[in-house]
Each structure stands twice: as structure tokens, then as C-alpha cells.
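Peer 1: With the hints as constraints, model all of the structure from the sequences given.
Here the protein sequences come in this chain order: A and B.
Sequential numbering from 929 applies to the first sequence in my numbering.
Sequential numbering from 875 applies to the second sequence in my numbering.
It is worth saying that the hints were derived from the structure and are not from the lab.
Quick caveat, the model's predicted, so the values are computed rather than measured.
Here a beta-carbon is modelled for each residue, glycine too, at the ideal position from N, C-alpha and C.
Misleading hints may appear alongside valid ones.
[Said to hold, decoys possible] One side of the interface only, derived from the structure: several residues of chain B facing chain A at Cβ under 10 Å:
{"id": "1", "residue": "Pro888"}
{"id": "2", "residue": "Val892"}
{"id": "3", "residue": "Gly918"}
{"id": "4", "residue": "Leu919"}
{"id": "5", "residue": "Gly923"}
{"id": "6", "residue": "Ala971"}
{"id": "7", "residue": "Gly986"}
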Amino acid sequence: QSALTQPASVSGSPGQSITISCTGTSSDVGYYNYVSWYQQHPGKAPKLVIYDVSNRPSGVSYRFSGSKSGNTASLTISGLQAEDEADYYCNSYTGSRTAYVFGNGTKVTVL
Amino acid sequence: QVQLVQSGAEVKKPGASVRVSCKPSRYTFTNFYMHWVRQAPGQGLEWIGLINPTDDSIDYAQKFRGRVSVTRDTSTSTVYMELSSLTSDDTAVYYCARESSGLKNFDFWGQGTLVTVSS
Chain A
929 QSALTQPASV SGSPGQSITI SCTGTSSDVG YYNYVSWYQQ HPGKAPKLVI
979 YDVSNRPSGV SYRFSGSKSG NTASLTISGL QAEDEADYYC NSYTGSRTAY
1029 VFGNGTKVTV L
Chain B
875 QVQLVQSGAE VKKPGASVRV SCKPSRYTFT NFYMHWVRQA PGQGLEWIGL
925 INPTDDSIDY AQKFRGRVSV TRDTSTSTVY MELSSLTSDD TAVYYCARES
975 SGLKNFDFWG QGTLVTVSS
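Peer 2: The following block contains the structure:
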């Protein structure tokens, strides 16, 4: 099971919107709506920011939103803030011999 | 607030085994699956496996089958991950993560346990 494909880095200025893509296959991202996104600051554990493609957990800023089209899921951060600078990982359930797969991660830089 | 508290850092020699523990609190232990995820230095996240604490059923990533064992002790409400035949490639931070009520995502994470494999 190969890792989902994410851009290595994305950057934006404060207040702007950025989008991170996560490309899988018709057997994982394209088949299941179990796509989730995690934010990880240096030296910290990951934090869930989006689940089931587009749902936000309680306490997560409305500035985070998710979507999916075909085999590609996306995370959008609107009104970019300095605290959003972190690594972001997507994850999908696969239903296969390796049941879950992560993306390779995207470093978000706030300029 | 849910907490997952993991055991401390480990240093192991190649070929050895390591066991990492994860003790959840502030929720009913048997109601949620527990997963293990690792992160090598400077690298991304990698799913290792999961356990259903209710019936002890497990599922492992194909890469780790035959070398990993995830178990639980209901008397102490603790989950364990044991990895054997360690090599330097197993040097990583190992996380336990709770699955959100069958929704196939990870809503709470442990603080991480650094496992260093070095001769």
C-alpha cells in the first residue's frame, strides 16, 4: 500500500487561503469517505482537524474545511494565521490488508 | 479530557524487541479501538496496527505482520505494542491513537514514545 500523495510544501501570507491536495486511488480515497486530516506542530503529537472528508471536530477552527473529488481529497485553510504553520497529513481507510494509509505530509509555511 | 499516557523512551540493540505501553483515561477503555502509528525522524506518519479492546481482535499493516504484536490488559486498561527483530529503520516515535467511535479516524493521541535502535 503506497502512501497517499501530498505536495511537500505549501505557503501563504496571513489572511490568505491555501489548499493541500491528497491523491490516492479508487481503492482508498476514491472509494471511502473515511478521509481525515491531521495537523502536527514540531515535537508534538498529531491533532485531528477534519474527519469523514469534510467534518470538523468540536473545537477546531471553522477556517479548516475539507472536500473530495474522485481520488483526490483536499484540505483548505482560510484566513491563514501564524499558528497554522505546521505539517499536515491526510489519512484514508483502505479496507485492504493494510487498513489505513497516510499521506507523505505537507509543510505549511506562513510567510 | 481524554488522555493517553505512554511509557518512556527506549534504547534497544539491533535484533532486540521493544514493548511500548499506552494507558488511556477518562473514557471507557473497551468502547474504542486503539491504533499504533509511528514516525521516523524527519519522516511522515505510518500506520502499524489496531486492537479492539472488547474482544482482543487485531489488524496489522502488512509490512509489520509477523513482527508486531498489539495486546491489551483489561485489568489495568492498558494497551501494548511489541515490535521484534529491531533494526535501525525502526528508530522512530511510536504513538498510540484512539479511534473515534468506529469512524475510522484518530481523535486522541498519546504523547509519543521514542524508540532508538542502535548498536
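Peer 1: Tell me if B:Ala971 is really an interface residue toward chain A, meaning its C-beta lies closer than 10 Å to one of theirs.
Peer 2: Hint holds; B:Ala971 Cβ to chain A Cβ min 8 Å, cut 10 Å.
Peer 1: For the restraint on B:Leu919, tell me whether the closest CB of chain A is nearer than 10 Å.
Peer 2: Because about 4 Å separates B:Leu919 from the closest Cβ in chain A, which is inside the 10 Å limit, the hint holds.
Peer 1: Would you settle whether the hint for B:Gly923 is holds or violated, based on the nearest Cβ-Cβ distance to chain A being less than 10 Å?
Peer 2: Cβ of B:Gly923 sits 9 Å from chain A, so the hint holds.
Peer 1: Let's test the interface hint: is any C-beta of chain A closer than 10 Å to that of B:Gly918?
Peer 2: With Cβ-Cβ at 4 Å, under 10 Å, it holds.
Peer 1: Quick check on B:Gly986 please, does its C-beta sit within 10 Å of some C-beta on chain A?
Peer 2: At about 6 Å, which falls below the 10 Å cut-off, the nearest Cβ of chain A leaves the hint on B:Gly986 intact, so it holds.
Peer 1: Identify whether the interface hint at B:Pro888 stands, where standing means a beta carbon of chain A within less than 10 Å of its own.
Peer 2: violated, 25 Å
Peer 1: Taking the least C-beta to C-beta distance, is B:Val892 closer than 10 Å to chain A?
Peer 2: violated, 19 Å
Consistency note: the structure conflicts with the earlier hints numbered 1 and 2.
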